[in-house]
Amino acid sequence: MTKTADNVNPDIYDKGSEREITSSDYDENIEDLFDEREIFDLIRNINDPEHPLTLEELRVVEESNIKVDNIKNLVHVSFTPTIPHCSMATLIGLSIRVQLLRALPARFKVEVEITPGSHASEYAVNKQLADKERVAAALENNNLLQIINQCIA
Amino acid sequence: MESVWFKPELSDAIMQNDEIFESTTSIVTDIVAEHIDLSHIIENMGAVLTHKETEKRCRGMKFYTKILRELPKSILSETQIQFISTFYIGRLNDHHSIIPSVIEGYLALIDMNNYKANNSANFLATLFREVSCQSQLRQDRYNIYLVIQKLMEKDIDYCKQLGPDLVCGMVSIMDGERDPRNLIFLFNFLPKFIKTIPIGHLTEEMFDVISCYYPIDFHPSPDDPAAVTRDDLAKALCPCLCAIPEFGEQCLIMLMEKLDSSLRLAKLDSLALLVESCKTFKSETYCPFSKALWSSINRDINHKTDDEIKMASHEALSALVAKLALIANTDQSFENLVKSILIANQTAIAEAKTVAQFVQPTKVLLTTANASKESCVVITRCMVPATISYYEFKTSPKLQIASLDFLGDLYDIVKHWDVLELVKAQVNEIPKLCLTTVSNPAKDFQIAGFKTLIRVKDILRSDLILPFVEILTHNAQHSQDTDVLSISVETIHAIAKKYPELIMNLVVRGNCQISNLTQDKVALQKRLHLLTNLASIDDFTKVIIEDILRLISTFEKGTNLVVEALSDSLSIASFYTSEKVMQIESDHGLIEPVLAWLYKEIPSGNQDTLAHGYTLVSNTISSLPAEKQQNILSQHTQKVLDNCQVNDVYFLVLESLYSPLHQNVYTSKFEEVLILSIKVALNSQKELVRTKGCVLIAHMLNKVEHGQKFELLYELLKNQLSECSKHDESLCPRLIQMYGWITKALILRGSDMYLFWLQKIVGIMPNTSYSKYSAEAIRIIMTEFSDYLSPKLHCRISLLYRQRMFLSFSLLVDKFGALSPDVKEDYLLSWAYVLDKTPKTVLSSEGVKITSIVVDSLEYQNEELLIVSLNTLSHLIKSQPLISCSLQTVLPRLINLTKYTKSMDVRIKSLECLYDIANTFRTSLLLPFKQDVLLDLAPSLDDKKRLVRNAAVRARTRWFLVGAPGEDKAN
Chain A
13 MTKTADNVNP DIYDKGSERE ITSSDYDENI EDLFDEREIF DLIRNINDPE
63 HPLTLEELRV VEESNIKVDN IKNLVHVSFT PTIPHCSMAT LIGLSIRVQL
113 LRALPARFKV EVEITPGSHA SEYAVNKQLA DKERVAAALE NNNLLQIINQ
163 CIA
Chain B
1239 MESVWFKPEL SDAIMQNDEI FESTTSIVTD IVAEHIDLSH IIENMGAVLT
1289 HKETEKRCRG MKFYTKILRE LPKSILSETQ IQFISTFYIG RLNDHHSIIP
1339 SVIEGYLALI DMNNYKANNS ANFLATLFRE VSCQSQLRQD RYNIYLVIQK
1389 LMEKDIDYCK QLGPDLVCGM VSIMDGERDP RNLIFLFNFL PKFIKTIPIG
1439 HLTEEMFDVI SCYYPIDFHP SPDDPAAVTR DDLAKALCPC LCAIPEFGEQ
1489 CLIMLMEKLD SSLRLAKLDS LALLVESCKT FKSETYCPFS KALWSSINRD
1539 INHKTDDEIK MASHEALSAL VAKLALIANT DQSFENLVKS ILIANQTAIA
1589 EAKTVAQFVQ PTKVLLTTAN ASKESCVVIT RCMVPATISY YEFKTSPKLQ
1639 IASLDFLGDL YDIVKHWDVL ELVKAQVNEI PKLCLTTVSN PAKDFQIAGF
1689 KTLIRVKDIL RSDLILPFVE ILTHNAQHSQ DTDVLSISVE TIHAIAKKYP
1739 ELIMNLVVRG NCQISNLTQD KVALQKRLHL LTNLASIDDF TKVIIEDILR
1789 LISTFEKGTN LVVEALSDSL SIASFYTSEK VMQIESDHGL IEPVLAWLYK
1839 EIPSGNQDTL AHGYTLVSNT ISSLPAEKQQ NILSQHTQKV LDNCQVNDVY
1889 FLVLESLYSP LHQNVYTSKF EEVLILSIKV ALNSQKELVR TKGCVLIAHM
1939 LNKVEHGQKF ELLYELLKNQ LSECSKHDES LCPRLIQMYG WITKALILRG
1989 SDMYLFWLQK IVGIMPNTSY SKYSAEAIRI IMTEFSDYLS PKLHCRISLL
2039 YRQRMFLSFS LLVDKFGALS PDVKEDYLLS WAYVLDKTPK TVLSSEGVKI
2089 TSIVVDSLEY QNEELLIVSL NTLSHLIKSQ PLISCSLQTV LPRLINLTKY
2139 TKSMDVRIKS LECLYDIANT FRTSLLLPFK QDVLLDLAPS LDDKKRLVRN
2189 AAVRARTRWF LVGAPGEDKA N
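These protein sequence lines are chains A and B, in that order.
Residue numbering for the first sequence follows our numbering, beginning at 13 and increasing consecutively.
Residue numbering for the second sequence follows our numbering, beginning at 1239 and increasing consecutively.
Possibly wrong hints are sitting among the right ones.
Straight line, CA to CA, 30 Å or less: simulated DSS-like cross-link-like pairs of lysine-lysine [to be verified]: (1) 2116(B) <-> 79(A); (2) 121(A) <-> 2137(B); (3) 1636(B) <-> 27(A); (4) 2030(B) <-> 1924(B); (5) 1398(B) <-> 1517(B); (6) 1473(B) <-> 1496(B); (7) 2140(B) <-> 2116(B); (8) 1611(B) <-> 1548(B); (9) 1689(B) <-> 1653(B); (10) 1653(B) <-> 1473(B); (11) 79(A) <-> 2183(B); (12) 1548(B) <-> 27(A); (13) 121(A) <-> 2182(B); (14) 1591(B) <-> 27(A); (15) 2182(B) <-> 79(A); (16) 27(A) <-> 1542(B); (17) 84(A) <-> 2182(B); (18) 27(A) <-> 2183(B); (19) 2168(B) <-> 121(A); (20) 2087(B) <-> 2062(B); (21) 1956(B) <-> 2010(B); (22) 1759(B) <-> 1611(B); (23) 27(A) <-> 2182(B); (24) 84(A) <-> 2183(B); (25) 1601(B) <-> 27(A); (26) 2010(B) <-> 2140(B); (27) 79(A) <-> 1636(B); (28) 1662(B) <-> 1611(B); (29) 27(A) <-> 1681(B); (30) 2137(B) <-> 79(A).
On the chain B side, residues computed to face chain A include the following (Cβ under 10 Å) [claimed, not checked]: (31) 2139; (32) 2180; (33) 2199; (34) 2206.
Since the hints were made in silico from the structure, they are not lab data.
As the structure is a prediction and not an experimental result, all values here were calculated from the model.
Just so it is clear, CB atoms sit at the ideal spot from N, CA and C, and this is done for glycine as well.
Could you build the full structure based on these sequences and the hints that come with them?
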């Protein structure tokens, strides 16, 4: 692939620390609910398709952009492409979606969207990501699946 | 019959049959035995050596050479050698097919003791003139190189005389060599050649002929048995290129060209060459290139992903700076270089937004500072003020902490070069910055600030101590965080070493006074911890220990805390060496008051408090030399023994006195103590006392001297046990426990007698009512206790005792037939204890057997058993996917365990095993199970514990990749 990256020199940020493990985490009798941090931990280490960096280091995903509702079984993730014309936005969104599909219990309804106002074709990308059929079809494509698997691994 | 070589027919024989070549050894024997002279043989060979047909002459020369090679080295005289040499030189003009044996023969000739180097001038001249080395075979080329090497070894002075002729010849024969083995030989030989033989006007030619190989680009054929690797060649070539200072300019020009190459290997080689060249080239050589070199290095040193290039660049930079520093006083280039390094990296630091971006340039600066004294001074003068202002300017805590670490590193280098005086003004600011940092109560700042302060404690001025001590004493008494607490104590300790008087006044006599027993128990505990810690410093020992002992003797209310703190600190070997403890004991008498306190407390006190007292006594005694131990025993034993008759709780005191003895201590009381131990171990109502009884028996058995004393105690033990064991069924569990301890003591001692006791333990395993006790005994044998049978208590620990245990145990249980289901669980549990502690390498060699045991264990519900089995399983999976055959048994059991409700550890471990399986097994074996596993793992994603969910996510996402495009696995 000879195409150069869309954003050659992105801003890089520090990685946050690992989640601290408290004594209640080891207590069998306490039930831990899903929280924003846990969802964030699932997707923070996804690799960017263009750079050897994680989505966290590029601040594509942030803990504050995640919402979890344990009772209504809802997870909402919004991500922020590094530049408004990023052609990888769909791919990043798809990676996040696939990772959450694999890692979250089936009871959750997962929504992945672009942070409002951060991308030129926000509406189109959101629509694509919300369409189950199209996501499933994308995963039938071996080339695409390979790239996504490499991003997630 | 006379052999053929005594006759002129020898020539015909050589020409006609091959067998004659076999008889050279007999010829040599005849020559050595002086039956015939070499000249006769040569005469007899005359016809073949001068034969018209090339092929025949060739055979003749081969034969001649073979004789020469087999002759003893001392047999030929100087004249003979000269004669042969002249003959061989003549042969060099002959047909090309003869040349190989000529060279080989000459090689043998050089090896002769009487060979004189002046014969070689002619040979070499003819060789260089007549023979084209490039058209010879590999082995013959090698022989030619060998001739030159041997000549140099023979007479180096003569070779030097040959000078340019030899060099010119060398250049011409090695030109174009391309066989890797020959090249390795040449590269190893050349540095010596170049360094000893004056090269003169041929420098350029010589360098060209070597440098044409640079950088080495070579891929050995994969089925070469003795392959020469690219790295071997590159390593060997490097010293040739910088063998003499005269190569300097050419070498550097070439090096810079390759540094800018896009080929990774060329870069690595050039960086290594730069390092190597600094050993021989003159500093002045680098001056004109320093700027260009730095810009090349600067580019590579900031490489984003390739750590190897980064490391090599750091090394090269360090070498370059050190080299130029040698002429720092006479030339500008050193200053310029350091300046450009500073400018480049200061910019990078100023732009840094993440810690990684900050650390990168600071590392370059540290490398530069580390390279030489001069650069260290320049960098420190410039960077310390810069970093301090950077700290105040940037608001990100992580960057602030990173900059503090950088200052600490820089200070270490300043200390290393011993240039503190030159940069005093600058580095003196560092402690002030530490103070600013620790004024922030956040945990990270406290830890970073104090850590740096400990590093720079030597330049801490006394006027700063008061504010530091304020914060520190507050931390040490009130901090909730263990890390902050321990770093604070450590800092006070460090400062106290430098300013004992100040700390004495401010802390010990000041706001941390010991007699001030406040109501707040936790704060008091922490304060005592600090004080006992400080007491390890000589200046404080007297004051603090005396205070403490006075407190202990008063039996006031808080004394249990005092004993606890003292016992905790005393067991930290880094503060209290055994010499220190010994000194405290002899100066202040520690044991007396503590024992008195124990006697006082035993009737009333609770076990936890007393335990600290016992530990304190035992720790103190273990640090004393043998004769002091003996003294203490003779003073106290009788009183304790008397007390034991009344109440067996006093046995704990006895145990703390007798357990830590040296191996050579033995008193007349030993037998009495042993009998008492057996008695309490079997009959006491208190479990702790029973255990301690067993422990003391084990200690005595383990430590007593070999021979008579051991026999005595061992017999005594056996007699005692044989008397009591038959009385009572209820004693059985206690007996089995004791057998466990006895086995442990003996196996640690390296004595074979442990087998007898182990047999007893294993023998009772099939019995339903006792199987769980024998499993418990196995646990005792395998577990390593820090307080019992440890080296600190002077116990014998034989090497490899776990392996022995593993072997004996597996032999013994092999004799079992089918076990009843009731005891199967305990049987597997004993195995689990053994497997858990046996070194993993042993397990790997017994893989098949162990796998079946482990897989069997997974069916039970016993948590302990499951955890150990899963651990062992995970090791087996990672080391050798042996159990592939049983995947269809293992996977359902593991999946079943992911729903094990009683323990999250079991759930997590089984999920980890599933992950490991997906990671190590061949894809073809895994694929049939993939869909089932993915479905079965889904419920674990909704586990109520987050840690389990994390493990489940890891395992499930890994299984998704099995056989999918983009999976990063070889098979």
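Results for each hint:
{"no.": "1", "hint": "2116(B) <-> 79(A)", "result": "violated, 38 Å"}
{"no.": "2", "hint": "121(A) <-> 2137(B)", "result": "holds, 24 Å"}
{"no.": "3", "hint": "1636(B) <-> 27(A)", "result": "holds, 11 Å"}
{"no.": "4", "hint": "2030(B) <-> 1924(B)", "result": "holds, 27 Å"}
{"no.": "5", "hint": "1398(B) <-> 1517(B)", "result": "holds, 24 Å"}
{"no.": "6", "hint": "1473(B) <-> 1496(B)", "result": "holds, 16 Å"}
{"no.": "7", "hint": "2140(B) <-> 2116(B)", "result": "holds, 27 Å"}
{"no.": "8", "hint": "1611(B) <-> 1548(B)", "result": "holds, 23 Å"}
{"no.": "9", "hint": "1689(B) <-> 1653(B)", "result": "holds, 17 Å"}
{"no.": "10", "hint": "1653(B) <-> 1473(B)", "result": "violated, 34 Å"}
{"no.": "11", "hint": "79(A) <-> 2183(B)", "result": "holds, 20 Å"}
{"no.": "12", "hint": "1548(B) <-> 27(A)", "result": "holds, 22 Å"}
{"no.": "13", "hint": "121(A) <-> 2182(B)", "result": "holds, 19 Å"}
{"no.": "14", "hint": "1591(B) <-> 27(A)", "result": "holds, 12 Å"}
{"no.": "15", "hint": "2182(B) <-> 79(A)", "result": "holds, 19 Å"}
{"no.": "16", "hint": "27(A) <-> 1542(B)", "result": "holds, 16 Å"}
{"no.": "17", "hint": "84(A) <-> 2182(B)", "result": "holds, 17 Å"}
{"no.": "18", "hint": "27(A) <-> 2183(B)", "result": "holds, 25 Å"}
{"no.": "19", "hint": "2168(B) <-> 121(A)", "result": "holds, 25 Å"}
{"no.": "20", "hint": "2087(B) <-> 2062(B)", "result": "holds, 16 Å"}
{"no.": "21", "hint": "1956(B) <-> 2010(B)", "result": "holds, 24 Å"}
{"no.": "22", "hint": "1759(B) <-> 1611(B)", "result": "violated, 52 Å"}
{"no.": "23", "hint": "27(A) <-> 2182(B)", "result": "holds, 28 Å"}
{"no.": "24", "hint": "84(A) <-> 2183(B)", "result": "holds, 20 Å"}
{"no.": "25", "hint": "1601(B) <-> 27(A)", "result": "holds, 20 Å"}
{"no.": "26", "hint": "2010(B) <-> 2140(B)", "result": "holds, 21 Å"}
{"no.": "27", "hint": "79(A) <-> 1636(B)", "result": "holds, 27 Å"}
{"no.": "28", "hint": "1662(B) <-> 1611(B)", "result": "holds, 15 Å"}
{"no.": "29", "hint": "27(A) <-> 1681(B)", "result": "holds, 19 Å"}
{"no.": "30", "hint": "2137(B) <-> 79(A)", "result": "holds, 28 Å"}
{"no.": "31", "hint": "2139", "result": "holds, 9 Å"}
{"no.": "32", "hint": "2180", "result": "holds, 4 Å"}
{"no.": "33", "hint": "2199", "result": "holds, 6 Å"}
{"no.": "34", "hint": "2206", "result": "holds, 6 Å"}
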